[in-house]
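K.L.:
Given the structure of chain A, go ahead and fit chain B onto it with the hints provided.
Protein chains in written order, with this note's numbering: chain A, 1 to 104; chain B, 1 to 136.
I should point out that these hints are in silico values taken from the structure, not numbers from a laboratory. Fair warning: there could be bad hints in the mix.
[To be verified] Computed cross-link-like contacts, SDA-like style, restricted to lysine to any residue with a CA-CA straight-line distance of at most 20 Å:
hint: 1; chain 1: A; residue 1: K78; chain 2: A; residue 2: A64
hint: 2; chain 1: B; residue 1: K48; chain 2: A; residue 2: K78
hint: 3; chain 1: B; residue 1: K11; chain 2: B; residue 2: M1
hint: 4; chain 1: B; residue 1: K44; chain 2: A; residue 2: T62
hint: 5; chain 1: B; residue 1: K120; chain 2: A; residue 2: N69
hint: 6; chain 1: A; residue 1: K2; chain 2: A; residue 2: L59
hint: 7; chain 1: B; residue 1: K27; chain 2: A; residue 2: L41
hint: 8; chain 1: B; residue 1: K2; chain 2: A; residue 2: D34
hint: 9; chain 1: B; residue 1: K37; chain 2: B; residue 2: I76
hint: 10; chain 1: B; residue 1: K48; chain 2: A; residue 2: E42
hint: 11; chain 1: B; residue 1: K11; chain 2: A; residue 2: R46
hint: 12; chain 1: B; residue 1: K37; chain 2: A; residue 2: T65
hint: 13; chain 1: B; residue 1: K48; chain 2: A; residue 2: T38
hint: 14; chain 1: A; residue 1: K2; chain 2: A; residue 2: G12
hint: 15; chain 1: B; residue 1: K27; chain 2: A; residue 2: G12
hint: 16; chain 1: B; residue 1: K48; chain 2: A; residue 2: E37
hint: 17; chain 1: B; residue 1: K11; chain 2: B; residue 2: S73
hint: 18; chain 1: B; residue 1: K11; chain 2: B; residue 2: S119
hint: 19; chain 1: B; residue 1: K113; chain 2: B; residue 2: R97
hint: 20; chain 1: A; residue 1: K78; chain 2: A; residue 2: I25
hint: 21; chain 1: B; residue 1: K37; chain 2: B; residue 2: G26
hint: 22; chain 1: B; residue 1: K127; chain 2: B; residue 2: G26
hint: 23; chain 1: B; residue 1: K11; chain 2: B; residue 2: T34
hint: 24; chain 1: B; residue 1: K44; chain 2: A; residue 2: S23
hint: 25; chain 1: B; residue 1: K27; chain 2: A; residue 2: N69
hint: 26; chain 1: A; residue 1: K24; chain 2: A; residue 2: G12
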Amino acid sequence: MKILLVDNGILGGVIEAIIIISSKIPTIRSSHEDALETFLLEDPDRVLIFESWSEKKELSVTTATDIRNSATSEVIIKTIGFDREKDLVLPIELNEILQAINLV
Amino acid sequence: MKNIILVVEDKIEEQMIAKNIVLESGKKIIIAGTLEKAEEFIDKFNDKLYGIMTDIHLPINDTWTEASANGLSVVITALRLGIPCVVCTDDVAHGARYVAHILSRLEQLSSRKIPTATSKNWADAFKKLSSLLEES
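Here chain A stands alone, though its shape is the one from the complex:
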């Protein structure tokens, strides 16, 4: 199994560390801009797209649509949103993340 995390920010880095430490599953990270190219190149089984409602909502929707259009039905694609203004630190529970990528 291989996971693609779409978010080059601090949150993406934290989640990447959590996944690697807790599951040792190979994880690749990319920006929204490079997400489709990375997806096509790496053939991940799971894609987790982070979006900030306040800033990148539209970009995240586009990223998710582009990847869904290219993905086979076996690939699991999840989008997780958070509000940068309200959620100041790590906005997502670890369990929610792992559930989102079917790890628990």
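P.N.:
Coordinates of chain B only, in the frame set by chain A:
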């Protein structure tokens, strides 16, 4: 390795038909529902594109006019960049028979084939794209 096929089509149900055909062949697919998205993808994936299958009639602001035969722009870009391209459309349906004449003229000017699969037959379009590549 050139293993990505760009499908330019605005209708989701047609996109899914094309997608199944492409994925069954073992190729990868990217889908553009608008001319703008198609141009963005061609810019980005130009050197990885195996070929393009494009509709000709893409809506402008969700309306259909003869002027919306803007998929011709995709064909011209493909010819300019040397990317094999097949047209998958029903030009009569939208009252734009002139499209066939333009495609014919483009073939003459470029000395390249631009096969056409009518009535949204994506399987035929894919077959013609594969033949085009074998010939070249």
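K.L.:
Now look at each hint and say whether the structure bears it out.
P.N.:
Results of checking the hints against the structure:
Between K78/A and A64/A the alpha-carbon distance is near 8 Å, which keeps this suggested pair within the 20 Å criterion. A C-alpha spacing of about 27 Å is found between K48/B and K78/A, which places the hinted pair above 20 Å, so the restraint is violated. At most 20 Å may separate the alpha-carbon atoms for a hinted pair to count; K11/B and M1/B exceed this at roughly 29 Å. About 15 Å separates the Cα atoms of K44/B and T62/A, which keeps this hinted pair within 20 Å; it holds.
At roughly 18 Å between alpha-carbon atoms, K120/B and N69/A fall within 20 Å of each other, so this suggested pair holds. A hinted pair counts as satisfied when its Cα atoms are at most 20 Å apart, and K2/A with L59/A does not qualify at roughly 23 Å. Between K27/B and L41/A, the direct Cα distance comes to roughly 12 Å. Compliance with the 20 Å bound is thereby established for this hinted pair. As the CA atoms of K2/B and D34/A are separated by approximately 18 Å, the hinted pair is consistent with the 20 Å bound.
For the hint pairing K37/B with I76/B, the CA-to-CA distance comes to about 16 Å; that is within 20 Å, so the pair holds. With a C-alpha separation of about 14 Å, the suggested pair K48/B and E42/A falls inside the 20 Å cut-off, and the hint holds. With a C-alpha separation of about 26 Å, the suggested pairing of K11/B with R46/A is violated against the 20 Å cut-off. At most 20 Å may separate the alpha-carbon atoms for a hinted pair to count; K37/B and T65/A meet this at roughly 12 Å.
Note on K48/B and T38/A: the hinted pairing holds, with a Cα-Cα distance of about 13 Å set against a maximum of 20 Å. As the CA atoms of K2/A and G12/A are separated by approximately 16 Å, the hinted pair is consistent with the 20 Å bound. For the hint linking K27/B to G12/A, the alpha-carbon distance of about 30 Å lies beyond 20 Å, and the restraint is violated. A distance of roughly 10 Å separates the Cα atoms of K48/B and E37/A; the hinted pair therefore holds under the 20 Å criterion.
Of the pairs offered as hints, the one joining K11/B and S73/B holds, with about 18 Å between alpha carbons and a cut-off of 20 Å not exceeded. The straight-line distance between the Cα atoms of K11/B and S119/B is roughly 14 Å, inside the 20 Å bound, and the hint therefore holds. The hinted pair formed by K113/B and R97/B meets the criterion: a straight-line CA distance of about 19 Å does not exceed 20 Å. A C-alpha spacing of about 17 Å is found between K78/A and I25/A, which places the hinted pair at or below 20 Å, so the restraint holds.
At most 20 Å may separate the alpha-carbon atoms for a hinted pair to count; K37/B and G26/B exceed this at roughly 23 Å. Proposed proximity of K127/B and G26/B is supported: the alpha carbons are some 14 Å apart, at most 20 Å. Between the alpha carbons of K11/B and T34/B the distance comes to roughly 10 Å, so the proposed pair stays at or under 20 Å and holds. Pair hint K44/B plus S23/A does not hold up; C-alpha atoms about 34 Å apart against a cutoff of 20 Å.
A distance of roughly 13 Å separates the Cα atoms of K27/B and N69/A; the hinted pair therefore holds under the 20 Å criterion. The straight-line distance between the Cα atoms of K24/A and G12/A is roughly 16 Å, inside the 20 Å bound, and the hint therefore holds.
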